[in-house]
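**Q** For reference, the chains in residue letters:
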Amino acid sequence: MEKNNIKGWLYLIPAFLFLGVFMIYPLVDVFVYSFEEGYNSASQTFFGVGTYNYSYVLHDPYFLQAVKNTFILVIITVPLSTGLALLISVGLSSIKPLRELFQTIYFLPYVTNTLAVGLVFMILFKKTAYSDGLVNLLITAFGGKGVDFIGGPYWAKMFVLCFYTIWVVMPFKILILTSALASVNQVYYNAARVDGTSRFRIFRRITIPMISPMIFYLVITGFIGAFKAYSDAVALFGTDLNAAEMNTIVGYVYDMLYGDSGGYPSYASAAAIILFAIVLTITCINLLVSKKHVHY
Amino acid sequence: MGNQSDYEKIEKTAKIRRTAGNIVLYFLLTIWALIVLFPFYWMVLTSVKSYGSYNAEHIPTFFTLSPTLQNYVDAFTTVSLGRYLANTLIFTVITTAIMLVVITLAAFAFARLDFKGKDIAFTLFLSLMMIPNELVVITNFATITNLGLRNTFTGLILPSVTSVFYIYLLRENFAQIPDELYYAAKVDGTSDLRYLRRVMIPICKPTLITIVILKVIECWNSYVWPRLITDDPDYFLVSNGIQEIRENGFGRENIPAMMAAVVVISLPLIILFLIFRKKIMAGVARGGTKG
Amino acid sequence: MIAVNNFDFEIPDGKLVGLLGPSGCGKSTTLNLICGLQKPTAGKIYFGDDDVTNLPPENRGVGLVFQNYALYPHLTVQQNIRFPLENLKGADKLSKEDMQKRVYEAAKLVQIEELMERKPSELSGGQQQRVAIARALVKMPRVLLLDEPLSNLDARLRLQTREEIRRIQKETKITTIFVTHDQDEAMSISDMIVVMKDGVVQQIGKPQEVYDNPVNLFVAKFLGTPPINVFEGSVQENMLYIGSEAVLAVKGAPDGPISVAIRPEGFILREDGPLHCSLGRLEVMGRDVSVVSSHPCCENTAFRSIINAENKVDLASETVGFALKPAKTFLFNRETGERIYFTSSESGRM
Chain X
7 MEKNNIKGWL YLIPAFLFLG VFMIYPLVDV FVYSFEEGYN SASQTFFGVG
57 TYNYSYVLHD PYFLQAVKNT FILVIITVPL STGLALLISV GLSSIKPLRE
107 LFQTIYFLPY VTNTLAVGLV FMILFKKTAY SDGLVNLLIT AFGGKGVDFI
157 GGPYWAKMFV LCFYTIWVVM PFKILILTSA LASVNQVYYN AARVDGTSRF
207 RIFRRITIPM ISPMIFYLVI TGFIGAFKAY SDAVALFGTD LNAAEMNTIV
257 GYVYDMLYGD SGGYPSYASA AAIILFAIVL TITCINLLVS KKHVHY
Chain P
282 MGNQSDYEKI EKTAKIRRTA GNIVLYFLLT IWALIVLFPF YWMVLTSVKS
332 YGSYNAEHIP TFFTLSPTLQ NYVDAFTTVS LGRYLANTLI FTVITTAIML
382 VVITLAAFAF ARLDFKGKDI AFTLFLSLMM IPNELVVITN FATITNLGLR
432 NTFTGLILPS VTSVFYIYLL RENFAQIPDE LYYAAKVDGT SDLRYLRRVM
482 IPICKPTLIT IVILKVIECW NSYVWPRLIT DDPDYFLVSN GIQEIRENGF
532 GRENIPAMMA AVVVISLPLI ILFLIFRKKI MAGVARGGTK G
Chain Z
1108 MIAVNNFDFE IPDGKLVGLL GPSGCGKSTT LNLICGLQKP TAGKIYFGDD
1158 DVTNLPPENR GVGLVFQNYA LYPHLTVQQN IRFPLENLKG ADKLSKEDMQ
1208 KRVYEAAKLV QIEELMERKP SELSGGQQQR VAIARALVKM PRVLLLDEPL
1258 SNLDARLRLQ TREEIRRIQK ETKITTIFVT HDQDEAMSIS DMIVVMKDGV
1308 VQQIGKPQEV YDNPVNLFVA KFLGTPPINV FEGSVQENML YIGSEAVLAV
1358 KGAPDGPISV AIRPEGFILR EDGPLHCSLG RLEVMGRDVS VVSSHPCCEN
1408 TAFRSIINAE NKVDLASETV GFALKPAKTF LFNRETGERI YFTSSESGRM
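Residue numbers (our numbering), protein chains in the order written: chain X, 7 to 302; chain P, 282 to 572; chain Z, 1108 to 1457.
For the record, the hints were derived by calculation from the structure and aren't laboratory data. If a hint is listed, it holds; no wrong ones were tucked in.
List of simulated lysine-lysine pairs, BS3-like, C-alpha gap at most 25 Å:
hint: 1; chain 1: P; residue 1: 293; chain 2: X; residue 2: 102
hint: 2; chain 1: Z; residue 1: 1146; chain 2: P; residue 2: 296
hint: 3; chain 1: P; residue 1: 293; chain 2: Z; residue 2: 1146
In isolation and in its complexed conformation, chain X is listed as follows (with noise of 0.2 Å):
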């Protein structure tokens, strides 16, 4: 075929153009004015070229918090998240009757708005003065003693955060694991049935490793999901996430950036490329481990 070098590069421009301007000069502007100390927005001017931001974001209390919050809310969800999500898949795969149901059922979360879900959740588990809400009425029931899950102590607001957190993102990870399972030749489990091999032995040495690849995906990006989670927390806690101890990494960039105490994109970049980093990282350690545990 001829090479039409202007008609190529010409469906290209309206793509490139908004690429360009909203995707690839902004990654080496925040890149340029993490570097830049004393950035004042409303002058335009700044000091001196150096790590200035980092150092000054890395001693704020309040990104340190919202580090610790977002690596809890990482290491609780993304295994539950993604272990539940298998069984569930798993569970569904080996029934008939009902199947198409529960499959909707389950996929409705992922076309909700999370702000608006949020709020119902944030009704349930809150303690106001007149009422203790939903969910402590049921832990009394039980005989166990209510708290505040969204003004109440930090262990309680985690469990909430977790809680919204995997329920929103089950959806997604289940319709992959399903349509993963669907694709696992029916003939293997025959020949497995034939050996004589238990169901759970099934499971285990052909059903995940045959999977192994959608799993991993659905980690690695339940991961990375994970890391950028923001209004899921602003669901439930409001927008002043600060006050309510709950902020995320992301919340601090955007505090930083239009927040009441904002104005300093300098900060917020520096705290946006630090996220990115510890993003990268924990990719590139989750691609190394699964070169031994993956089968393709």
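Knowing the structure of chain X, use the given hints to seat chains P and Z on it.
**A** Just chains P and Z, lined up with the frame of chain X:
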């Protein structure tokens, strides 16, 4: 026969084990289904409880004897819920439309046309997928502010148009159309644009529908970007609108009305989902596995 | 839609049985019933005296070689073969050394000892199949089942592999059933063949017997290469007519229209007939000659007869004359395809 009774025993235990397993399985699956559905139920329930009865409940009730639609009326009159919905609709439609044009052209260029530097450009594209949105938002914020596009639709729409992922998805689909079709069309004197319009797009309709649906969901639920660049309530979308309601409007006092707002916001996508359920789920699965 | 209808058969111990028939005839379903992957809607299945009808496949002790081998792609050859042994529990549980020994023996039986550390994707089709056989045999099953074992192999490998299967079966003496649509395959290595069509057993017997004595037109047409030649004919007063010519005495056959099937080797070259056909061409086969001729009453536009090459055929002539061997000529009811028996002037019922 000794062997025979052994066999019967094996059969029996296998059967019992299987039935018991199934019962437990259905039970557990139902539990998760309830966990998923309950917030929706609560949402709707609370939205039809009257203001007075809701606040009078020390212990929340699971049903109400006197449902009312007053909250919905309040939701639309006391806060500009209608406006938020309209804004979001405009935003979604325009962004999706522009996106479709841009990615179709780009995917076509990468899949079908041959030009110098194509491979380098494509590799560059792929690497862009790694850039997290949180990073670019910082500069985009500055850019939009400097262009004076805060609190405008243009400002909302422009940075939200492209996603490299959709270009990649569509390109994969375009590339699967055999070359012979293109050559045959060329021999018939068809222009590239015409080929794109009359052959490739119709064939790849499923993928395009998937992309549209995914983008619509993304736009409808978009929160961070609108939150950053609009502080004029006239330009709020549903997400930051609901935040606004929560903090300055009903959130403080009129929970049922807020729930009514939440129901109204969630309804369009849910209805969309129930209608296009199969297509949506198949599309997301395909998109996820390609990634 | 009945996949397998009234299959009533006792498969003899320690023999190699071929289940033969066109695709869709129910042979694979029969295999699935035997190994337990499918349950019969009615009837019983016995291994020896044990009723295994309701026993799940895990407990039946059957070895099954799937059509596309079904080797676990993420395990090495050795792990694949060892897999069934790792499932044995309780009294049958084996120690690591015993497992190793059995795996090695199975590998030696199918001659793949050098490939133990490879993964299935690194093996050729023939090698994969041998691994599949080893895996099926390693647990010393009571019955070995093979689903179309040769259909995925190229022609040359097919000949070699069917001999392998024969050899392995003779060595292990395990009751073996294999399924195929290739009659050549089935005839050459089976002790007995079962011909099936549309879920119904047509005929069971030793290969030569079934060949020499088909019980209906379908079986007659299914076995034999080149295929049997079918003509429209009629019987009148104990005489078989093809067209207007009386070609064979058929005592005991009822009057009426009839289908006649004649094996290619059932034609004797004779200039004065009684059957005259238009000569097409000759195909030299070395020891034999294939005479391709045509006849208006023949089912196909041309038919093949195989003659010893020592006979000379006059190529210049437009017609060629044949006599028929009664042992190679079969009569069938035109509607039902059922065999109609007759006696010829030579002894015995035909």
